[in-house]
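The listed protein sequences derive, respectively, from chains A and B. Just so you know, my numbering puts 103 at position 103 of the first sequence, and the rest follows in order with no gaps. Just so you know, my numbering puts 5 at position 5 of the second sequence, and the rest follows in order with no gaps.
Simulated from the structure, these hints should not be mistaken for lab results. Honestly, I wouldn't trust all of these hints.
In silico DSS-like links for lysine-lysine, alpha-carbon gap of 25 angstroms or less [what the hints assert, rightly or not]:
| # | chain 1 | residue 1 | chain 2 | residue 2 |
| --- | --- | --- | --- | --- |
| 1 | B | Lys230 | B | Lys266 |
| 2 | A | Lys247 | A | Lys13 |
| 3 | A | Lys131 | B | Lys17 |
| 4 | A | Lys85 | A | Lys13 |
| 5 | A | Lys164 | A | Lys184 |
| 6 | B | Lys19 | A | Lys132 |
| 7 | A | Lys220 | A | Lys161 |
| 8 | B | Lys266 | A | Lys132 |
| 9 | A | Lys184 | A | Lys246 |
| 10 | A | Lys137 | B | Lys19 |
| 11 | B | Lys141 | B | Lys152 |
| 12 | A | Lys164 | A | Lys195 |
| 13 | B | Lys19 | A | Lys131 |
| 14 | A | Lys132 | B | Lys303 |
| 15 | A | Lys247 | A | Lys226 |
| 16 | B | Lys145 | B | Lys13 |
| 17 | A | Lys131 | B | Lys13 |
| 18 | B | Lys145 | B | Lys222 |
| 19 | B | Lys19 | A | Lys161 |
| 20 | B | Lys222 | B | Lys266 |
| 21 | A | Lys184 | A | Lys21 |
| 22 | A | Lys55 | A | Lys86 |
| 23 | B | Lys31 | B | Lys13 |
| 24 | A | Lys132 | B | Lys17 |
| 25 | A | Lys132 | B | Lys152 |
| 26 | B | Lys303 | B | Lys231 |
| 27 | B | Lys19 | A | Lys164 |
Beta-carbon label-pair distances, calculated as ranges [unchecked claim]:
| # | chain 1 | residue 1 | chain 2 | residue 2 | range |
| --- | --- | --- | --- | --- | --- |
| 28 | A | Lys94 | B | Asn93 | 34 to 42 angstroms |
| 29 | B | Ser125 | A | Gly181 | 30 to 38 angstroms |
| 30 | B | Ser125 | A | Lys26 | 51 to 59 angstroms |
| 31 | B | Lys152 | A | Lys13 | 55 to 63 angstroms |
| 32 | A | Leu59 | B | Val127 | 29 to 37 angstroms |
| 33 | A | Asn5 | B | Lys152 | 45 to 53 angstroms |
| 34 | B | Glu169 | A | Leu199 | 47 to 55 angstroms |
| 35 | A | Ser96 | B | Ser125 | 27 to 35 angstroms |
| 36 | B | Gly29 | A | Ser216 | 44 to 52 angstroms |
| 37 | B | Ile185 | A | Ser96 | 49 to 57 angstroms |
| 38 | A | Asp248 | B | Ala110 | 30 to 38 angstroms |
| 39 | A | Asn188 | B | Ala110 | 35 to 43 angstroms |
Just so you know, even glycine gets a beta-carbon here, dropped at the ideal spot from N, CA and C.
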Amino acid sequence: MKKINDLENLAKKYRRDLFEKLLIIKQGHPGSIFSMMEIVVALYHGGFVNYDSKKNLFLDKVLISKGHATAALYPILRDFGILPKKEWDNWGHKNSLLRVFGNISIPGIDVTSGSLGHCIGVGAGMAISFKKSGQNKKVFVIISEGELYEGSTWEALLFAKHYKLDNLNIIIDINSLIILGSTKDCLNLDPIKEKILSLGINTLEVEGHNMGDLISTFEKTKKIGKLNCILAKTVKGKGSSIMENKKDWHYWNAMSDEEIEKTRKELT
Amino acid sequence: MLQRDAFIEEITKYLEKDKSIFFLSADFGAKALDELRQRFPNNFLHCGISEQAMLDIAAGLALEDNKVFVYGMAPFLALRSLEQTKCGAGLMNLPICLLSVGIGLGYADAGPTHYTTEDFACFRSIVGSSIYTPADSLSTKLIAKELLEKPKFSYIRLDRDVLPNISPEITNADLNRGFKVFGNINNNKIALISHGRMLHKCLEIYKNKLNKFVCVDILRSKPFPKDLPKKISSCKGIVVVDEQSPSGNLSSCVFEGFSEQSYFPKIISKSLPESYVFENGGREYLLNKFGLSNDDIIKACNKIV
Chain A
1 MKKINDLENL AKKYRRDLFE KLLIIKQGHP GSIFSMMEIV VALYHGGFVN YDSKKNLFLD
61 KVLISKGHAT AALYPILRDF GILPKKEWDN WGHKNSLLRV FGNISIPGID VTSGSLGHCI
121 GVGAGMAISF KKSGQNKKVF VIISEGELYE GSTWEALLFA KHYKLDNLNI IIDINSLIIL
181 GSTKDCLNLD PIKEKILSLG INTLEVEGHN MGDLISTFEK TKKIGKLNCI LAKTVKGKGS
241 SIMENKKDWH YWNAMSDEEI EKTRKELT
Chain B
1 MLQRDAFIEE ITKYLEKDKS IFFLSADFGA KALDELRQRF PNNFLHCGIS EQAMLDIAAG
61 LALEDNKVFV YGMAPFLALR SLEQTKCGAG LMNLPICLLS VGIGLGYADA GPTHYTTEDF
121 ACFRSIVGSS IYTPADSLST KLIAKELLEK PKFSYIRLDR DVLPNISPEI TNADLNRGFK
181 VFGNINNNKI ALISHGRMLH KCLEIYKNKL NKFVCVDILR SKPFPKDLPK KISSCKGIVV
241 VDEQSPSGNL SSCVFEGFSE QSYFPKIISK SLPESYVFEN GGREYLLNKF GLSNDDIIKA
301 CNKIV
């Protein structure tokens, strides 16, 4: 596993890489991508997603239920050599394979997502298939807190708990913002932890931008070996003072040259 | 035999040799399901009364190369989880088979929450879906065998009640073709087209006046049987009978199927009206009251000069 400092630098580098791409394509969801950057770096580069270097593929599954932020995986998959570099370079051109929302035609993307509230169910289906067929594989599902508004999320949590899916790991990216404002003001979701705990699901909290905290939390869940749900406190648009905690940066916005330079400096 | 039992019995037979089959239920049962659950508990998943999650779970199972059958009451399986069906089975082209029981007014007199008079229109709009509406348990078994051998994204519309067996019975050739014609076609005859339970009404009318009608069972309505328009285009006219609401029902398929033909016979749609059915009285009473009695169908035929 890479050192914590290296992982932190990778997260910064990926934010910068993605910012440059979003500048070109002039669309996408920077706020949501940046809020989960450390989480996915910790999972992939921290060695929690089992990688077969001989076959050059990940054995475990990672489902980005908040499909608008799937692009966070692209630079990671590029660096592992799963996503061809030419595809990364090609992003922004008409014939590009990469999309704002991920889909299974993209190498390394395990689910087509975009509509919210689907992937705990999909992950539960995969997890139960692995268990019944005796495959020692894990499933990681990253959802946004906004997906807690979807009934299907809770239906799938009940299912996962009932079938004791100890190979299913759910991470909730809690950046406290949805499109129209804070979750607290729009329609309060709190207390999230108590609600999930009340289902009998092992629930942990983590600082979602603290790499050391993320690594030790993932280590902990690995040891516990139970269905678990990690509540990751994050900042929407993390890394850019222009975007941080701004609901409007759920979507891409036009930027002045000054703002672009400022963001580049902050992301370096 | 109930169609659901016929289908599930086939799945149970296949489970003896194929453990990649998963059967998911949203708390909906059948006599044959009791046996499946008892003999193959590892291949049965109770998903709770949670159709949406059930379709997502099905997608996850199918992404791992399992053969997945999801089972539920038609009004809820079809409509409540339609978006999950689109995003899973549709968008990812997954071989998930939905077994939907109680189409049309099958749950009379439960009222409109339990009637499924729009599932056909909804499902035919989902890209990549195949739709089957068998009219008896024998054709249901044929469909089951085909989908167990070659799984694909499919929506199977089953009746709540036992339907009498069709004679002569549906063959594999009919299934491959997607339809079966009863009677000899000529330009003096009217083609009565239907599927499922309503086919039996059409067969009854046809058998009473063999010189006036032919009857067509469209057991696979999507993909629409490409040979059908040519086959029946010489008929004097067509009446399509469906226990669905007026928009997007079987008659829409027929209209669309004929749209590429140079000759276009008169086509009349006989369906339920544009209203919800709250009355009591049983399914047959409701069909008669809402325009789908044998007399109503014959009256529609008489409009074809």
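Consistency of the hints with the structure:
1. B:Lys230 <-> B:Lys266: Judged against 25 angstroms, a Cα distance of about 14 angstroms means the pair holds.
2. A:Lys247 <-> A:Lys13: The given pair, whose Cα atoms are some 23 angstroms apart, holds under the 25 angstroms limit.
3. A:Lys131 <-> B:Lys17: holds, 19 angstroms
4. A:Lys85 <-> A:Lys13: Holds, because 16 angstroms separates the two Cα atoms, which is no more than 25 angstroms.
5. A:Lys164 <-> A:Lys184: Between Lys164 of chain A and Lys184 of chain A the Cα gap is close to 32 angstroms, so the pair fails against 25 angstroms, i.e. violated.
6. B:Lys19 <-> A:Lys132: holds, 10 angstroms
7. A:Lys220 <-> A:Lys161: Holds, at about 19 angstroms.
8. B:Lys266 <-> A:Lys132: violated, 55 angstroms
9. A:Lys184 <-> A:Lys246: This hinted pair holds, its Cα atoms lying about 15 angstroms apart.
10. A:Lys137 <-> B:Lys19: holds, 19 angstroms
11. B:Lys141 <-> B:Lys152: Holds: Lys141 of chain B and Lys152 of chain B sit about 16 angstroms apart, inside 25 angstroms.
12. A:Lys164 <-> A:Lys195: Satisfied, since the Cα-Cα distance of roughly 18 angstroms is no more than 25 angstroms.
13. B:Lys19 <-> A:Lys131: holds, 13 angstroms
14. A:Lys132 <-> B:Lys303: violated, 59 angstroms
15. A:Lys247 <-> A:Lys226: violated, 35 angstroms
16. B:Lys145 <-> B:Lys13: It holds: about 10 angstroms lies between the C-alpha atoms, which stays within 25 angstroms.
17. A:Lys131 <-> B:Lys13: Holds, at about 23 angstroms.
18. B:Lys145 <-> B:Lys222: holds, 18 angstroms
19. B:Lys19 <-> A:Lys161: holds, 24 angstroms
20. B:Lys222 <-> B:Lys266: OK: Lys222 of chain B and Lys266 of chain B at ~22 angstroms, within 25 angstroms.
21. A:Lys184 <-> A:Lys21: Status violated; Cα separation ~32 angstroms.
22. A:Lys55 <-> A:Lys86: holds, 20 angstroms
23. B:Lys31 <-> B:Lys13: holds, 15 angstroms
24. A:Lys132 <-> B:Lys17: Given that 25 angstroms is the threshold and the Cα spacing comes to 16 angstroms, the pair holds.
25. A:Lys132 <-> B:Lys152: holds, 22 angstroms
26. B:Lys303 <-> B:Lys231: holds, 22 angstroms
27. B:Lys19 <-> A:Lys164: Distance of about 21 angstroms is within 25 angstroms: holds.
28. A:Lys94 <-> B:Asn93: 34 to 42 angstroms: violated, 24 angstroms
29. B:Ser125 <-> A:Gly181: 30 to 38 angstroms: At roughly 34 angstroms between Cβ atoms, Gly181 of chain A and Ser125 of chain B fall inside 30 to 38 angstroms, so the hint holds.
30. B:Ser125 <-> A:Lys26: 51 to 59 angstroms: violated, 32 angstroms
31. B:Lys152 <-> A:Lys13: 55 to 63 angstroms: Given about 44 angstroms between the Cβ atoms, the range is violated.
32. A:Leu59 <-> B:Val127: 29 to 37 angstroms: holds, 32 angstroms
33. A:Asn5 <-> B:Lys152: 45 to 53 angstroms: holds, 51 angstroms
34. B:Glu169 <-> A:Leu199: 47 to 55 angstroms: With Cβ atoms ~50 angstroms apart, the hint holds.
35. A:Ser96 <-> B:Ser125: 27 to 35 angstroms: holds, 29 angstroms
36. B:Gly29 <-> A:Ser216: 44 to 52 angstroms: holds, 47 angstroms
37. B:Ile185 <-> A:Ser96: 49 to 57 angstroms: Between Ile185 of chain B and Ser96 of chain A, where Cβ atoms are some 53 angstroms apart, the hint holds.
38. A:Asp248 <-> B:Ala110: 30 to 38 angstroms: violated, 48 angstroms
39. A:Asn188 <-> B:Ala110: 35 to 43 angstroms: The hint (35 to 43 angstroms, Cβ to Cβ) holds, given that Asn188 of chain A and Ala110 of chain B are roughly 37 angstroms apart.
Taken one by one, the earlier hints fail for this structure at numbers 5, 8, 14, 15, 21, 28, 30, 31, 38, listed in ascending order.
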